[in-house]
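> What follows is each chain in one-letter form.
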Amino acid sequence: MLSNIGNTLLFLNILLGISLIYFLFQDLGNKGKLISKNIYHICLFQSTLIIICFFTLIAAFVVSDFSIITVYQNSHSLKPFFYKISGTWGNHEGSLLLWAIILTIFSYFFLLYSKSHLRDYRIYSLIVQNILILGFLFFLLFNSNPFSVILPVPQEGLGLNPILQDPALAIHPPLLYIGFVGSSIYFSAAISSLLINYDGRLFAKSIKNWVLISWSFQTLGILAGSIWAYYELGWGGFWFWDPVENASLLPWFAMTALLHSLMVLEKRNLFYFWVIILCLLTFILSVTGTFLVRSGILNSVHTFANDPSRGLYILVFLSLMIFASVILLFNKFKKSNYNLNPNSKETFILVNNWFMIFYLITVLLGTIYPIFTEVLTDYKVSVGPPFYNSVIIPIVILFLFFMSLGPQTQWIKNNSYNLNLMIKILIASILINFAIIFLFKSYSLISNFIIISALFLIIYSLRDLYNLFKKKKIDASRIVSHFAFGALVLFIGLNHNFSLEKDFNLKKGEKREFENYSVKFNNLQLEEFKNYKAVIGEFEINNSQNNLSRTLYPEIRIYQSPSTITYEASIRSGLLKDYYITMSNIDRSDYYNIKFQKKPFMIWIWISVIFISLGGFLRLFKNAKKNY
Amino acid sequence: MKLKIIIYLILLNFNIVNAETNSIDSNNIFKNLRCLICQGQSVADSNSEFAQTIKLVVKDQIKNGKSESEIYDFLVEKYGEWIVYKPPFNKVNLLLWLLPYLAFVSGGVIIFLLFKKRFNN
Numbered sequence: 001m002l003s004n005i006g007n008t009l010l011f012l013n014i015l016l017g018i019s020l021i022y023f024l025f026q027d028l029g030n031k032g033k034l035i036s037k038n039i040y041h042i043c044l045f046q047s048t049l050i051i052i053c054f055f056t057l058i059a060a061f062v063v064s065d066f067s068i069i070t071v072y073q074n075s076h077s078l079k080p081f082f083y084k085i086s087g088t089w090g091n092h093e094g095s096l097l098l099w100a101i102i103l104t105i106f107s108y109f110f111l112l113y114s115k116s117h118l119r120d121y122r123i124y125s126l127i128v129q130n131i132l133i134l135g136f137l138f139f140l141l142f143n144s145n146p147f148s149v150i151l152p153v154p155q156e157g158l159g160l161n162p163i164l165q166d167p168a169l170a171i172h173p174p175l176l177y178i179g180f181v182g183s184s185i186y187f188s189a190a191i192s193s194l195l196i197n198y199d200g201r202l203f204a205k206s207i208k209n210w211v212l213i214s215w216s217f218q219t220l221g222i223l224a225g226s227i228w229a230y231y232e233l234g235w236g237g238f239w240f241w242d243p244v245e246n247a248s249l250l251p252w253f254a255m256t257a258l259l260h261s262l263m264v265l266e267k268r269n270l271f272y273f274w275v276i277i278l279c280l281l282t283f284i285l286s287v288t289g290t291f292l293v294r295s296g297i298l299n300s301v302h303t304f305a306n307d308p309s310r311g312l313y314i315l316v317f318l319s320l321m322i323f324a325s326v327i328l329l330f331n332k333f334k335k336s337n338y339n340l341n342p343n344s345k346e347t348f349i350l351v352n353n354w355f356m357i358f359y360l361i362t363v364l365l366g367t368i369y370p371i372f373t374e375v376l377t378d379y380k381v382s383v384g385p386p387f388y389n390s391v392i393i394p395i396v397i398l399f400l401f402f403m404s405l406g407p408q409t410q411w412i413k414n415n416s417y418n419l420n421l422m423i424k425i426l427i428a429s430i431l432i433n434f435a436i437i438f439l440f441k442s443y444s445l446i447s448n449f450i451i452i453s454a455l456f457l458i459i460y461s462l463r464d465l466y467n468l469f470k471k472k473k474i475d476a477s478r479i480v481s482h483f484a485f486g487a488l489v490l491f492i493g494l495n496h497n498f499s500l501e502k503d504f505n506l507k508k509g510e511k512r513e514f515e516n517y518s519v520k521f522n523n524l525q526l527e528e529f530k531n532y533k534a535v536i537g538e539f540e541i542n543n544s545q546n547n548l549s550r551t552l553y554p555e556i557r558i559y560q561s562p563s564t565i566t567y568e569a570s571i572r573s574g575l576l577k578d579y580y581i582t583m584s585n586i587d588r589s590d591y592y593n594i595k596f597q598k599k600p601f602m603i604w605i606w607i608s609v610i611f612i613s614l615g616g617f618l619r620l621f622k623n624a625k626k627n628y
Numbered sequence: 001m002k003l004k005i006i007i008y009l010i011l012l013n014f015n016i017v018n019a020e021t022n023s024i025d026s027n028n029i030f031k032n033l034r035c036l037i038c039q040g041q042s043v044a045d046s047n048s049e050f051a052q053t054i055k056l057v058v059k060d061q062i063k064n065g066k067s068e069s070e071i072y073d074f075l076v077e078k079y080g081e082w083i084v085y086k087p088p089f090n091k092v093n094l095l096l097w098l099l100p101y102l103a104f105v106s107g108g109v110i111i112f113l114l115f116k117k118r119f120n121n
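Order-wise, the sequence lines are chains U and A. According to our numbering, the first sequence holds residues 1 to 628 in order. According to our numbering, the second sequence holds residues 1 to 121 in order.
In isolation and in its complexed conformation, chain U is listed as follows:
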């Protein structure tokens, strides 16, 4: 029954999409200044229907309607209520439906919030947006239908992969998708702007809030995924340069570049075509990301979600999009004169874009290179953390210095640099770095440079903040983001250099000592839970230096549906450091393999990222206040 409702709604949405495109083209010929009311109604109707469609799928998950394949494959009647709901978008079909919903709702919001713009510009944007919506709806209905039925109806579902039953991962896809799909709006707007030769400044004004929304949510989405990886995958890291992680980072680089160059377009009406290229690129990378994740073309921890035929469809969709964009761009490209002063804010923003594109190319290359070597030379290579670290980190040092100085320069032509101040701050950073080494521990040369440059950015931003308070201005959004980025690099640097990792085998009752820590295996017990059994260990960690004692309970969980074993880390988070223990059984032995980690400043890494995205939200609120 629910399946029929869902399919009908999907089908109605396709009809609505087609009729909307038809009415939009009709409306182009009309003389009036306003878009006809009909179009508003259809858009509203379209959004309502797709939301109902999504709720139908949620309902199917909640009542465990196993006649629907998606529910059968990804749910189980014993699963906790919360994960039944989050299971809706924890799978391929449901997550694509989520894509389509956000696409549709954003399309309606764009219509509502672009009233001050040229009518034809709005209409063309909506037409492109609705072509995208149709593309996804067709994909949903004919390739990945979330409402397909299975006969005979199974008694019980297969259950959601236990590592996906997690609060951070429940919010990860929606956050990330707002970022991914938000970029569709400026893709459509860019194409529309090219078609009607829209004014650069107005174009920038119309999309800047969309860029901020997608960028801020994308940042949070990446964070949620990273936190999940930290405590769920059991290796104590938060970024592995895994292809799927990279897929979420690639659009982020493009968005960040766009976020900055858009300011130049708005203020100085420069870089119009470059901004257009970035708009197109961001959405293309978002779809590429989906393609990489969903096709299973890459070997990754996320390969629980793949099927080649899906990949083919997205690949065709992607090629069409790229093809259309490139053709249009070539037809409309006009040479423009860049009147740039090397010493100006515009230049620094160009430099930002230069670095962002470098990061983007490096990560993109590292992600897809193994595919090419395997196809072309039958040669399997792994591109992992050491590659990215050795290529990117040295460049980040330079980047942080530019990032400190850039915001202070003036538009058009900068008058003077406060060289004195720069040297003072540089000396302060070096001294602090020196103090860290002197008081705690020395680290490699490159780490020295990273920490010095991060401190430089932090101190510089703090000084900017101080000046801002003196002038009683309230726009701190840029400073918050830049400061938090400096803090992020600093804490990652410290975390990397001051982590302690020990890997050893213990039997119940035994104790292991190293440095000033001791780890004691106190107890082991078996407990039964609603949908799994768990072997729970009790470990006591003692720090002889400050007589601190902590008890941690890592688990080995045995799930019935689907039958899986997971290793749950036990983490004690603190302001200064996290303690992290995982345990795993060793076959034919009483011993357990214990991984103990001390991870300093973990919590500050998360907080830094939250503040980076907070900067985006602050700017968004400020813009909203100015406009209404």
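To be clear, the hints were calculated from the coordinates, so they are not data collected in a lab. Quick caveat: nothing in here was measured; it's all calculated off a predicted structure.
Think about it this way: if two alpha-carbon atoms lie no more than 30 Å apart in a straight line, the pair counts; the simulated BS3-like pairs of lysine-lysine are:
| no. | chain 1 | residue 1 | chain 2 | residue 2 |
| --- | --- | --- | --- | --- |
| 1 | A | K31 | U | K598 |
| 2 | A | K117 | U | K205 |
| 3 | U | K424 | U | K473 |
Assemble chain A onto chain U, guided by the hints.
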């Protein structure tokens, strides 16, 4: 004067770095090795038997006084390049290692040309 202070401080940093003893960190090596039978996990993170074996092999090699790069070479010869997360610099991986820098340099050149054009105008 200030420049001298900066140079002095940087040199001081150098000295500290050089004073560090160069012992091989086995954990670091494990992190740079792929667990061949797992899905996207390094040897350090995996609980599999394969990972345990590789750990023993690496520890053995360190004991025998092999350097870090000698250990990687040994493993690559045995299991292929798939096992190391840092692809070796050779004919196949040439583009992988060079393109990022090429992109970086050409980005700089493009920005430089933009300014040059302006001055010529």
